[in-house]
Amino acid sequence: MYYRLRRLAGDTFFRLTLAATLAVILVPIYWMINTSLKNPREVIRSVPTFFPEAPTLANYANVFAQGIWTNVFNTVTVAVSATVISIILAFLASYALARFRFPFHLNRIFLIWVLVVRILPPIVLAVPLFSAFNMVGLINTRQGLILAFQIYTLPYAIWIIYGFVKALPLEFEEAATIDGASPGRILISIVAPLVRSGVLATSIFSLVLAWNEFLFALLFVRTPRLLTLPVVIARYIGEYSTQWGELMAVGLLASLPVLFFSNIVYRQLTQGFSLSLK
Amino acid sequence: MKQTKRNSHSIFFYLIFLPALLLVLFLTTYPIGNVVYNSFFDYDFISGSREYIGLENYRSIIAEELFHRSFQNTLIFTVSASVLEVLLGVALAFLLHRSFRGKRVASLVIIFPMIISTMVISAVWQTFYHFEIGLFNHILRSVGLSPVGWLTDRSVALFSIVLVDIWQWTPFAYLIIQAGMSSIPAELYEAAEIDGAGSGQIAARITLPLLMGQIVLVLMLRTLDTFRLFDKVYALTGGGPANATQTLSFFIYREGFTFFNFGRSGAASVLTLVIVALLSLVYVRRLFREDA
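Respectively, the protein sequence lines represent chains V and A. Following numbering that gives the first Met the number 0, the numbering of the first sequence begins with 0 at its first residue and continues without gaps. Following numbering that gives the first Met the number 0, the numbering of the second sequence begins with 0 at its first residue and continues without gaps.
Since the hints were derived computationally from the structure, they do not count as laboratory data. Every value quoted in this text rests on a predicted model; they were computed, and no experiment measured them. Check before you lean on any hint, since a few could be wrong.
[What the hints assert, rightly or not] Chain A regions said to be covered by chain V (calculated; three or more residues, Cβ under 8 Å):
no., region
1, 9 to 21
2, 142 to 155
3, 203 to 210
4, 270 to 284
[Claimed, not checked] With beta-carbon atoms standing in for the labels, derived distance ranges:
no., chain 1, residue 1, chain 2, residue 2, range
5, V, L114, A, L14, 33 to 41 Å
6, A, K102, V, A60, 35 to 43 Å
7, A, D43, V, S45, 15 to 23 Å
The C-beta atom is built at its ideal place from N, Cα and C for all residues, glycine as well.
Model the full structure from these sequences, guided by the hints.
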């Protein structure tokens, strides 16, 4: 009897904790949806309403009318290009690092340096890169952003893909070498297919990183039609301090794609950590 | 013949490694060298005037009250956010460490905060924190308490930003610690239960010590990440009220991109890098001792 009571109490406590945790996470997201469906007058009422009184899509219509598509397009272009470049370069470099011994301990130095990059405050890099990019005309261009985003996506991709390549058994490559296949051939037709699924998950994660990036997107691009979504949101917060309906509509637009991929990101996160812990 | 083949192979490996190497050098090594170099100059980016002044930038920054304030705020933010996130993450990992229906879905929901853009999150919290029409003050008023200037009160603003960071990153701490927990072999628990250990004893004597590696790792990752705090300050307070939320990153940003004084921003960057290096050294030593 005592044990059953204790178990019941334990169960109830567990359920309450779980419910509270999920509520704390979901309320802000719900609030974003809620606010995005209110009309401007309801938004600024001093007693906030928990459900929109007259749900309206006007905020969404407004942000589309103001040309949010251009910014969505920029964000997609920049995130996808940055990811493609990172993944290709990381795949090539990882293979070289895993299978070839460069002189002067370059393999280890490079891998450690790439980890160190992760801990640098990016603003430290932003000032000198700004003047370098300015010299070659990369400020205020999508190409400049794509290049700058490599600071985040390339180290990440190198570490994860290096882990995958390192874990591959050597037999396939050795057999192919005996058959006279060139290293390039081996890389494309043997190694690439073997790491494909891991690389795909890595690229989703890199997409999310680039999609959300704020600092370089803020500093390196000024022209409104070239802005990415996070900067559009920041400008909304600054300029029209109570256009919350539209702000939340843009916020939801910026969040849906990443939430859509949360399953893959979750798997990647748990796998990535087990790799980096080893 | 064999020799030339080997040579062509090594050329191949050099060729495929070179693009990533060059890009990393250009994006990280060059800027750091540049920052150190510029920190010894009185360098105005707009006019282009550049004059060697030795350690003058360092001297003036170290003497400056705003820099002290930025350092202090960064420290308070870093310590309170990362410690609370790790504590909450450990607590959650213990509380949710059992199998239940819908665990997969719950785990997915739990990672939402860390994959949504910080700007979106700041926007939502801005609507919570608003003094007149925000949700929090509405709740305070309706239970008869006086409203709080979440982002406008000098003694509160920094902690309001801490709260947002906790909301966003506790899931991350939870995720790593939970992963560590599920890798502890079940036999250990069974043996302890047979020996008559209570659940509190098991947690304190078995689970926590085995999780120490993960806990230190999360603490390190969160410390280094909170130390560069910029986005939330930019979106929520702009460094105010009365510099109460100025951070080191924000200080560098203002020197570099508001005043375009690349010498001073360089000196501030170097000082920040030194602190980051010291911080990571402490953790790295701890992690390595763990290994030994």
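For the region 9 to 21 of chain A, count the residues whose Cβ lies under 8 Å from any Cβ of chain V; is that count three or more? holds (count 9)
Three or more residues of the region 203 to 210 of chain A near chain V by CB distance under 8 Å? violated (count 0)
Coverage claim, chain V over the region 270 to 284 of chain A, checked by counting residues with Cβ within 8 Å (three needed): holds (count 4)
Given the range 33 to 41 Å, decide if the beta-carbon distance of V:L114 to A:L14 lies inside it. violated (24 Å)
Using the beta carbons of A:K102 and V:A60, state whether their distance is inside 35 to 43 Å or not. holds (39 Å)
Does 15 to 23 Å hold as the CB distance between A:D43 and V:S45, or does it fail? violated (47 Å)
Closer than 8 Å Cβ to Cβ for three or more residues is the test here. Does the region 142 to 155 of chain A pass it with chain V? Check failed, 0 qualifying residues.
Comparing the model with each earlier hint shows violations of hints 2, 3, 5, 7; every other hint is respected.
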